[in-house]
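Residue numbers (this note's numbering), protein chains in the order written: chain G, 387 to 646; chain Z, 4 to 261.
Hints should not be assumed to be uniformly reliable.
To be verified - Which bits of chain G does chain Z cover? Going by a derived footprint, with three or more residues having C-beta under 8 Å, they are:
(1) 428 to 439
(2) 453 to 459
(3) 482 to 495
As the list claims (entries may be wrong) - Below, a list of computed lysine-lysine pairs in the BS3-like style, where the Cα atoms sit at most 25 Å apart:
(4) Lys622/G x Lys590/G
(5) Lys478/G x Lys45/Z
(6) Lys247/Z x Lys436/G
(7) Lys394/G x Lys247/Z
(8) Lys545/G x Lys513/G
(9) Lys503/G x Lys545/G
(10) Lys590/G x Lys612/G
(11) Lys557/G x Lys391/G
(12) Lys527/G x Lys391/G
In case anyone wonders, no lab produced these hints; they're calculated from the structure.
Each residue gets a CB set at the ideal place from its N, CA and C atoms; glycine is no exception.
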Amino acid sequence: MISIKDLKVVFNDRVVLSVPNAIFNNNSIILGPNGSGKTTLLKTIVGFYKQSQGTIEVDGVDINRAPTLRLLSTNIETAYILPGTRLEDLVKIYCSAFNCNIKEAQQLLSYIKPKAKELWKLSTGEKKWFTTILALYADTKVTLLDEPFEDLDPGLVRKLVEEIHKFSRLKQIVLTLHSVYLLKEFNDWDLFFIFDGVVYGSIKSQEVFNMEIVAGSDPASILTFKFHGEEYSLVKNGGKGIPIREISDIAQLYARSKLG
Amino acid sequence: MANTLSIYFNSILRSTILSRAMIFAALGFGLLFSTIGAYAAKGPLPMWFSFTYVVFLFTAIGGLERQVIVGSGAYNYLIKYAGINPIKLILALFVTYVIMSIVFAPLILILLFIMYYTAGNLILSINVAILSSAIVLSSVFTSALGIILGLIMIGRLIISKIPIFIFYIPTILFFVSIFATPPSASMYNPITAMEILLAISWEKGVMPYPYMVPMSSHVNVMIPVITILVSSAILLLISALLLKRVREVNIYDVAMNF
C-alpha cells in the first residue's frame, strides 16, 4: 500500500505536484496526459525528487525516514544509469542486488536484440523493455512502472501485459499510462487520474468505459477535476460530453480543453 | 551484496581501462606535450612528464566527477532499496580510477621517452622509488578529488548548462593552482605538490631546471608526500560525509526535465 499525505513538490518556485491525500491500496493505474506529473509523482515516491512537504509511506514505512530495503522497485531510467557498465553486467548487478531470477529475466530480455552494449545507447523502446523487466523481476513489495508500454512494439506490449498480470498476483504494481485503450487490459485495477500535478480518484478501471467527461461541475459526477484551469466532471454515459471510450489517448483532452 | 559490488567493480574497471576516451586522452596528451616539450619548448623531460601526466589525470577525473553525478540516481536506488553500502560503492569507483591512473602512467612515459630520444634530449637519472610513489600518490589524490567534486555537485546546481561545464572543473582547478600558488606554499598545495614530487623523482630530490610550478630552490621530498597523503585522506573523509548527497536530486535529471 502506498499512502501519500500533503505532498508538494516544488521546482524553481513552481509547484509541479500537489497531492493532498492519496492511497494506492491495490494494483493501480495513474492515467494522465503528458506533462501532468505522472513521472514526477513516481520519482518522488522512489526518492529521486525531494518533496517540499508531506509524507510518503510504502507498506507503512516512511520512505524518507525508515529502512527501505527491498521495499520497492521501479523502471525509471535514472535508477539504471551506471556509467561505464555494460548491459550484461547491468543485468547481473541488478539481479544480484534485488535477488531476482537472472535466467528468467535474461530470457525475457532476449525478446529485444540490442546492437548497443550500453544502456544509454539503446533505443527508447529497448530501454523501456530492459528497465521494466528488471523492475518487475526485483524481489520487492511494490513495483512502480512509469509508462511501461511506451514505444514498445505490439508484440512486446502483449507480452508485457502478461508479465505484469503474473507479477501483480505476487506484489503491488502501480503503473502510469496516457493511453486509454490499454485500460481494458487492467479491468479490475484501481484507476487514478492526474491533471496539472493533482491526483484524483479512484474508480475501477472497467467502469471508465461507461463514462464521459462533461464541462463544469455536474451534480451527478463521480469525480470532478481541474484541467487547464477549468473544471470538468466524470459522469455516467448520458450523451452530454465526450465518452472516454472514444478517447484513445488522454492527451487528446488538451486539444479539446473546451469540451462543450 | 558483496557480489553486486564485485560485479560492478569489475565492470567499471574493465570499461574504464579499455575506454577509447581514456586511451585517446593518454595518447593525445602524451604525443602533444612530448612533442612540444622535446621539439618546441625544449624543456627537461621530468618537467614535461609531470605536466603531461597531471593534466591527463585532471582531465580523467573530470570523467569520474561526471560519473558520480550521472550515476547518483542509480546509486541512490541501489543504496536505498538494495542495501548496498554507499562507502563501498564509492570506494569501488575510487579504486577503479586509482588503478586506471597508474596503468596509463607507463604509456605516457614511453611516449615522452620516444619523443625525447628522437629529439636527442634524453638524459635519464631516475629514482624509481620516488617516481613510483609519486605516480601512486598522484593517482590517489586526483581520484579522491574527482569523487568529492562529483559529490559536491550532486543536487546543488540545476542550471541546464552546468553538465557541460562539469568535465572541465578539475582542469580549471589545476591551472588556477599552478598560477596562483606562491613559491613558499607550493609544497603545501596538494596539486602543486604532486607536480613537484613527479618532477623531483627524476633528480633524486634536486630540481636544477626552471620549473613551471613556482617553488623554492630546495625540496624536502617528505613535505609534498605528506601534503598529498593528508589531503587525500581529508578528501576521502569528507566524501564519506557527503555520501548522503547521493540521495538528492540528480542534476542531470532536473536539467533534462526543466
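Hints versus structure:
Counting residues of the stretch 428 to 439 of chain G whose beta carbon lies closer than 8 Å to any beta carbon of chain Z gives 6, which reaches the threshold of three, so the coverage claim holds. Here the stretch 453 to 459 of chain G counts 6 residues with a CB under 8 Å from a CB of chain Z, which clears the bar of 3, and the coverage holds. Check result for the stretch 482 to 495 of chain G against chain Z: holds, 3 residues qualifying (beta carbon to beta carbon below 8 Å, three or more required). Distance check on the hinted pair: Lys622/G and Lys590/G sit about 13 Å apart at the alpha-carbon level, within 25 Å; holds.
With a CA separation close to 51 Å, the supplied pair Lys478/G and Lys45/Z exceeds the 25 Å bound. Taking the CA atoms of Lys247/Z and Lys436/G, the gap is about 13 Å. The hint holds against a cut of 25 Å. Among the hinted pairs, Lys394/G with Lys247/Z is consistent with the structure: their alpha-carbon atoms are about 22 Å apart, no more than 25 Å. About 16 Å separates the Cα atoms of Lys545/G and Lys513/G, which keeps this hinted pair within 25 Å; it holds.
For the hint pairing Lys503/G with Lys545/G, the CA-to-CA distance comes to about 24 Å; that is within 25 Å, so the pair holds. At most 25 Å may separate the alpha-carbon atoms for a hinted pair to count; Lys590/G and Lys612/G meet this at roughly 20 Å. At roughly 23 Å between alpha-carbon atoms, Lys557/G and Lys391/G fall within 25 Å of each other, so this suggested pair holds. Only pairs whose Cα atoms come within 25 Å are accepted, and Lys527/G paired with Lys391/G is accepted, the gap being roughly 20 Å.
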